[in-house]
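A.B. asks: Sequence:
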Amino acid sequence: MTAPSLHINTALPDQSRHLGHDLSPSTARRRSPSRVASPSNPFQPVRPRRPTTSSVRLAAARLLDMLPPNVRRLFTSSPLVGVTVLILLCLALFFHRPIQELVAPFRPWSTSSSPSSSHAPAVALEPLPTIPLIYEEYFPDGTLPSSLTTPEHHLLAERLIAFLSRPIESHDEATERMHENCPAELSDKLVNPDQYNGDSGFWMNDVTKEEIVKRRADVVRWLEERVEQGEKIIGSERTGKGRGIVLTGGNQDTTFRTITVLKHLRNVGSHLPVEVFHYEGELQDHSQRREIEGLGATIRQAVGVEKQAGAWKNWQIKGLAIVQSSFREVLYLDSDNIPLRSPAHLFDAHLYTAHGAAFWPDLSKDHPDNAIWRLVGDTCDLSHWTFESGQIVIDKAGNGGLNLAALWIASGMMGDREFWFHMCGGDKDTFRWAFRILNIGWNDSPRWLSALGFKNGFDSGRFCGHTTLQYDLVTPKGHTQALPLFVHSNLLKHLGGGLAQGQAFTHVKHFAQDNYSDPALNFAHLWVYHTPLRGMCLDMEWHPLAYDRLSEEDRERHRIEEFKVDELEGKPFEGFEQAFFEEGGRVGGW
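Going by UniProt numbering, 57 is the number at position 57 of the sequence shown; the sequence numbering is gapless.
Check the hints yourself; a few may be wrong.
Derived CB-CB ranges, DEER-like [to be verified]:
(1) L125 - E211: 51 to 61 Å
(2) R238 - G496: 33 to 43 Å
(3) G142 - E569: 56 to 66 Å
Restricting the straight-line Cα-Cα distance to at most 16 Å, the calculated cross-link-like pairs of lysine to aspartate or glutamate (EDC-like) are [unchecked claim]:
(4) K455 - D566
(5) K263 - E583
(6) K214 - E136
(7) K307 - D416
(8) K263 - E582
(9) K214 - E418
(10) K189 - D381
(11) K209 - E136
(12) K214 - D539
(13) K209 - E169
(14) K209 - E137
(15) K209 - D378
(16) K263 - E280
(17) K455 - D378
These are calculated hints, taken from the structure and not from any lab test.
Yeah, the Cβ is synthetic: ideal placement off N, Cα and C, and Gly gets one too.
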């Protein structure tokens with residue numbers, strides 16, 4: 001994961017942000033009934049392991065041999081003193097690790113190196129700490145399930161116990177600390193207003209300390225069940241073969257879009273194998289199946305996940321599609337996300353290979369009231385933005401094999417969407433929080449997204465963005481910055497029709513300086529508005545707070561620019577719009 005930095009996510013596609021919202025975060029906080037604070041946190045380590053007599057003797061003998069002769073004589077001439085000091089030394093050495101493991105196991109937004117990729121340590125494994133007493137209902141003997149404590153799973157077991165040992169707080173207990181790190185004047189404006197209005201009551205009142213204990217225990221249970229079913233939860237070089245692209249689609253609109261993406265991948269010269277996953281009962285049309293297979297893709301049904309009747313979006317297939325793919329290294333793409341050129345080079349980008357995981361930013365940041373901070377045991381931090389999961393590149397063997405465990409955890413969250421989607425805004429941030437649960441690293445795209453669209457003649461030529469542009473992980477030689485790579489047309493399907501070829505992808509709008517970690521982006525405002533005859537459009541502007549907090553010089557340096565696509569450095573859109581329509585791309589509901 002990159003150093004604490006500012007980036008903005010594009011959860012826009014399926015979660016539109018509306019200008020008007022009737023309940024501000026500050027108003028919601030005033031209306032939310034306060035809960036009586038619970039007694040001080042009852043979690044504590046229990047049943048400390050004691051060293052055996054033989055281990056004490058051995059340690060004492062080794063320590064005695066290491067002492068200088070004059071000190072050794074003091075021990076031998078004064079047995080009582082010597083024994084006392086040795087006992088104290090042994091106790092200090094013995095208790096040192098458990099205390100460190102339980103008191104300071106968590107590196108907030110750490111950028112330290114990933115775990116070793118070796119799963120077979122050459123040295124003897126140290127005993128695992130016991131689990132805090134507050135989990136006694138779920139782990140009566142104070143230990144993880146035996147299936148998770150094997151040598152193969154030792155690193156994972158250490159991370160899980162560290163996760164269970166993080167603080168457990170009610171909303172009232174955590175509020176002051178969370179808001180100190182994420183001031184309301186900023187976080188109230190950075191949060192997705194639809195999410196806050198819909199879910200803030202759940203965050204504050206339903207996610208109690210007891211609920212946190214249960215949900216953390218669920219994470220362990222998900223992994224235990226996978227092991228008992230014979231699944232591998234730690235990645236290795238044998239976890240899948242090679243590199244490939246994973247798509248999900250199967251109903252009418254996603255199937256059409258999937259076919260368009262496959263055609264475009266072929267046209268830009270991508271030779272990566274592709275697997276298309278669908279729910280049971282989908283992709284029954286034989287002609288569509290033949291067309292997909294004729295484009296070189298393999299069709300696979302996702303196992304262990306079901307479509308939820310009546311749900312607006314069934315995002316929960318994504319995690320298991322990545323896990324169940326035959327590839328070890330995966331580029332996942334949404335069906336409405338088209339690469340401008342072959343994406344194969346991403347697998348060799350340093351931002352990816354450092355941890356075997358790279359993600360792209362969305363539009364919003366998590367509010368300090370969001371219960372996800374307490375569930376994960378983290379502290380609100382405005383240096384990170386939510387994920388936009390329309391594109392993910394991941395190595396299942398990355399981070400010492402823990403990337404695969406994180407994918408299983410994210411899949412578990414997606415499978416329990418009635419709870420976790422309140423905090424994660426759909427599937428997108430389940431990946432982020434699964435990585436935080438295991439305290440493993442990833443890297444982010446170097447640039448914040450831009451908006452791609454057209455000048456709306458029905459609205460006085462106003463810019464109407466329908467697509468989020470996500471950028472490459474690599475800056476090509478001869479260029480000053482990373483070029484656009486992914487055309488994620490998340491609003492194009494919601495637009496009114498009537499846009500012909502040459503009219504849909506004409507203009508780009510972005511901030512002149514859009515480095516992911518630039519703190520000025522905290523004052524950026526990307527939002528969705530409704531326009532006559534066209535429907536939902538994306539636009540960007542400075543938030544009013546920027547005029548108080550940023551100097552005129554800063555605002556000018558980061559100014560919002562709007563220009564034609566053929567004016568972009570490197571001309572990445574040359575021939576794109578013609579190809580899009582020829583390959584079956586459409587405007588409006590499809």
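A.B. asks: Confirm or reject each hint.
C.D. replies: Results of checking the hints against the structure:
The hint said 51 to 61 Å for the Cβ distance between L125 and E211, and at roughly 33 Å that hint is violated. The hint said 33 to 43 Å for the Cβ distance between R238 and G496, and at roughly 51 Å that hint is violated. A beta carbon spacing of about 59 Å between G142 and E569 agrees with the range 56 to 66 Å that was offered as a hint. The straight-line distance between the Cα atoms of K455 and D566 is roughly 15 Å, inside the 16 Å bound, and the hint therefore holds.
Annotation: proposed proximity of K263 to E583 holds, straight-line Cα distance about 6 Å (limit 16 Å). Taken as a hint, the K214 and E136 pair is honoured in the structure, with Cα atoms around 11 Å apart against an allowance of 16 Å. Taken as a hint, the K307 and D416 pair is honoured in the structure, with Cα atoms around 12 Å apart against an allowance of 16 Å. Pair hint K263 plus E582 holds up; C-alpha atoms about 10 Å apart against a cutoff of 16 Å.
Among the hinted pairs, K214 with E418 is consistent with the structure: their alpha-carbon atoms are about 15 Å apart, no more than 16 Å. For the proposed pair K189 and D381, the alpha carbon gap of about 15 Å is at most 16 Å, so the pair holds. Distance hint between K209 and E136 is fulfilled; the C-alpha atoms sit about 14 Å from each other, no more than 16 Å. A C-alpha spacing of about 41 Å is found between K214 and D539, which places the hinted pair above 16 Å, so the restraint is violated.
For the hint pairing K209 with E169, the CA-to-CA distance comes to about 6 Å; that is within 16 Å, so the pair holds. In summary, the hint linking K209 to E137 is supported, as the alpha carbons are separated by about 14 Å, within the 16 Å threshold. With a C-alpha separation of about 14 Å, the suggested pair K209 and D378 falls inside the 16 Å cut-off, and the hint holds. At roughly 25 Å between alpha-carbon atoms, K263 and E280 are farther apart than 16 Å, so this suggested pair is violated.
Of the pairs offered as hints, the one joining K455 and D378 is violated, with about 43 Å between alpha carbons and a cut-off of 16 Å exceeded.
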